[in-house]
Amino acid sequence: MKRHLLSAADLTRDDAELVLRTAEELRSLADRPIKKLPALRGRTVVNLFFEDSTRTRISFEAAAKRLSADVINFAAKGSSLSKGESLKDTALTLEAMGADAVVVRHSASGAPHRLANSGWVRSSVVNAGDGTHEHPTQALLDAFTMWRHLAPQSGGSLDGRRVAIVGDVLHSRVARSNALLLRTLGAEVTLVAPPTLFPVGIESWPVETSYDLDSVLPKADVVMMLRVQRERMHGGFFPTAREYSRRYGLDGRRMATLQDHTIVMHPGPMVRGMEITADVADSDRSVIVEQVTNGVAVRMAVLYLLLGGSQPAVSTEGLPE
Amino acid sequence: MTTYLIKNASILGGEPTDLLLAAGVVREIGSGLSAEGAETVDATGLVALPGLVDLHTHLREPGREDAETVESGTRAAASGGFTAVHAMANTEPVADTAGVVEQVWRLGREAGYCDVYPVGAVTVGLAGERLAELGAMADSAARVRVFSDDGKCVSDAVLMRRALEYVKAFDGVIAQHAQEPRLTEGAQMNEGELSGRLGLAGWPAVAEEAIIARDCLLAAHVGSRLHVCHVSTAGSVEIVRWAKAKGWDVTAEACPHHLLLTDELAATYDPIYKVNPPLRSAADAEALRVGLADGTIDIVATDHAPHPHEDKDCEWAAAAFGMLGLETALSIVQETMVDPGLLDWAGVAERMSYTPARIGRVADHGRPIEVGEPANVVLYDPAARRTVEASESASLSRNTPYAGMELPGRVVATFLRGTPTVLDGKLA
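Protein chains in written order, with the numbering used here: chain A, 600 to 920; chain B, 5 to 432.
Chain A extracted, bound-state conformation (with noise of 0.2 Å):
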C-alpha cells in the first residue's frame, strides 16, 4: 500500500483484498467482550476535521481507539476559504504535536492530496472526504459490505456483479471513489442520475451510465442510494424534490422490480421521502445499519496497513488487552 489513501484510485486490487480481509478479521473484534487491540499502542491519529461529519469522525475514533492508538479530534471548523487558520498552519500544528496518521475531512476538493504532498507534515494522510472528489475509506466499506453478501456465492470475490449507484453522481465525493473502486475488484458499476447530475466527461469514466432507474433496478445485485442535498433544489439541477423522487428515487414499488438476493445501501445520512423512502430503508434488503458497522472494522484495517507494518493484525499473540 502507498503511504497515505488519498484516492481510490491509490489502491490495486491486491491492496483492496488486502484491506477487506484484515477487515474481515477486525470485525471479528466486535462480537468480542473487549473489542480492543495493541496494534497501533503509542501511536497517534488526529482526526482533522474542517467540515461537520459526526459519523465518520466517530467512526475512525473508534477505529483508532480500538486498535490503542491516542486519538486527537481537531474539529477546525471554517477553514482558511473563511479567513480561519490556513490548512497550512493547521498542518504543522499537528506535525509538531507528532502525529503518525491524519484523517483529514475538508470542503475543498485536493485538500487532503496538498496535505500529503506539500512537505507540511510527514505524517499517512487518510481522505475522510474532499469536497466534491473522493472519500475512499466510504467505498471501502461499500465494498466490504458487498463483499460479505454477495461474494460468498461467486468464488470470494466481486467480480462481475452490477452496482447501481443513483443519485447526485455531480456532487458526490461517494460516488467516485466507489466507481474507482469496485471497477477495480472487478464489478460492473451503473451510474444512475438525471443528466444534469453527470459531470462533463463521465462517458470516459470505467463504467455505465442510465437516465432511467426502472430500467436498471432488475439486473443490479446492489443498489446504492446517494443523499440529494437540498440545496441542489436552488441550483436548477431538477424542478422540484416530488419530480426528482418520482423518477430517482427508491420506494417500494420500485423494490418490487429487485432480484431476491439484492441488496440495498445508503452511505448516510438520508434524506427519507427524498432518494429513499422509508419502508425500504427499514426493509429486509437494507444494510444501512450494517455499513456503519462496517465503516469502524475498515476504517480499522486502513490505520492499522498504514501504519501497523507487517504483522497479522490479529494474531494467535495478539490478545485483546
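Please note that a few of the clues may not be correct.
Some but not every residue of chain A turned toward chain B, in silico, with C-beta under 7 Å [said to hold, decoys possible]: (1) Leu-686; (2) Lys-687; (3) Gly-709; (4) Ala-710; (5) Arg-713; (6) Gly-730; (7) Thr-731; (8) Ala-750; (9) Val-799; (10) Ser-803; (11) Pro-805.
It is worth saying that the hints were derived from the structure and are not from the lab. Glycine is no exception: its CB is placed at the ideal position from the N, C-alpha and C atoms.
Chain A is already provided as a structure; the job is to place chain B on it using the hints.
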C-alpha cells in the same frame, strides 16, 4: 546621456549589423560603425527586437503592494524585454477615475524601468453596473485608451454596448475579460473529463465563447473596437477568425501560459497552476498556436498576475487565480512558436511589440528598429537555455508555474529610449 554602439546584432533575425543608439533614438544602422566615447555592446549571436509591449499586466499598486509595486513590476517587465506595459485596473482602489490612473502613470514615470500605460475600468468599481468616467480618464495625463474590467466580465449586454459606443469619441478600445458569470459560478478549472474526476467545479469553454461571440456582434453593430483578453479555447479562436473574416474591428490576445501549459497540471492540486481563464486542453493550446501564427490571434499578452505566497500555499479552492508572466513570455513564445517554425522573429516583433502598441494607441512604442525611431530595443540570445528559478524573479511575488522548467532564450539587454534598463542580463 551615454551613447551605445551595439555590434553585430541581428535585427529580427536578419544579417548581423551595428546599431548606434544616441539621444534616445536609433542614430545609425550599418556595418563597421564606430562612435567616439560610445559604450560598446557585443551582440554577436543576439537577435535585436523592438522593445516589447504588454497589453495586459497586473502591477497591483495601489492596494496590494505586498504582491507587486509599479517599481517591482516594471523591473520584472524590463527583465523580460518589455519597454511598455499596460497596467490593469483591478487595483484597490480600482482605476476607475482620472485620479487613480494618473497616480499609476506617475509611479511608472518615477520607476523608470518601462513606460506604464494605465488601463481604465469600464464600470465603477468593476461592479458591472454603470460606466466609469471613461472620458475623464482618456483626457487625463495618463491618456487612457484601453478600458477593461479584467478579472470580471462586462456581462450586461446593454452596458457592453454603451461602453463600445462611448469610447469611439476618443478612439478607445474595450478589452473584454470574456467570462459568462452564471456559467462559471465557483469555477476552479477547465471543465472537462479531468474536472469531473478531480471534483473541481468546471469553467466551461462555452462561458468564454458565448461572450466573445456576443461582443463581436455588438462591436460590429455599433462600429467600435473590441479587444478580447486572454483567449483560451479553440472555439474562441474560431469565433475571432469568423469576426475578422467579416471585416470587423476585433483583436485578440493569447497568454504564454495558455500556449504552453495544459489542464493536466491541475491533477497536482497545486494552485500554482490556478489561473483565470483556466489552463485548457492540449487541443486548445494547439489551436491558440495556430491562431497566433496565422494572425487570428493578434498578440501575446502576459496577464502577469503576482500573488503573495500565502495566497498560493493552500488548498486549490482557497487560492488566488493568476501567475507571473513578464520574465518568461519571450522564452515561451520562442519555445512554442519560433522553435517549432510557426513564427519568425519578425512575427514575434509584430505580435509582442508593433500590434499591442497599435491596439493600445501608444505612439512611441512598437516602432521598427530604423534610423530616427525611438531607441526601444531588446537584445535576446535565442541559443541560451536557462532553468527558471522563482527566487530570481524581479517581481515581489514568486508564483511562477515555470519554476524548475528549462526554457530557451535569455534577455541580454533592454534599452528604453536609448538607456539600458537591463544590461549583461542584469537590471541596470
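* Is the hint on A/Lys-687 kept, meaning its closest Cβ partner in chain B is under 7 Å away? -> 6 Å, holds
* Was the hint right that A/Arg-713 lines chain B, CB cutoff 7 Å? -> 5 Å, holds
* **Hint status (Cβ of A/Ala-710 to nearest Cβ of chain B, threshold 7 Å)** => 4 Å, holds
* To do: Mind checking the CB of A/Gly-730 against every CB in chain B and telling me if the closest is under 7 Å?
  => At 5 Å from the nearest chain B Cβ, A/Gly-730 passes the 7 Å test, so the hint holds.
* **Hint status (Cβ of A/Val-799 to nearest Cβ of chain B, threshold 7 Å)** => 5 Å, holds
* **Interface hint outcome for A/Leu-686 [beta carbon to chain B under 7 Å]** => Status holds, d = 5 Å.
* Closer than 7 Å between Cβ atoms is the bar; does A/Pro-805 clear it against chain B? Give me holds or violated. => For A/Pro-805, the interface hint is violated, since the closest Cβ of chain B sits about 11 Å away, which is over 7 Å.
* Classify the hint on A/Thr-731 as holds or violated, based on whether any CB of chain B lies nearer than 7 Å to its CB. => 4 Å, holds
* Asked: Would the stated hint for A/Ser-803 survive a check requiring a Cβ distance to chain B of less than 7 Å?
  -> Hint on A/Ser-803: holds, closest Cβ of chain B at ~5 Å, below 7 Å.
* To do: May I ask you to test the interface hint for A/Gly-709 with respect to chain B, counting a Cβ-Cβ separation under 7 Å as satisfied?
  => 3 Å, holds
* When the least beta-carbon distance from A/Ala-750 to chain B is tested against 7 Å, hint result -> Hint violated; A/Ala-750 Cβ to chain B Cβ min 28 Å, cut 7 Å.
Hint compliance for this structure: hints 8, 11 are not met, and every other hint is.
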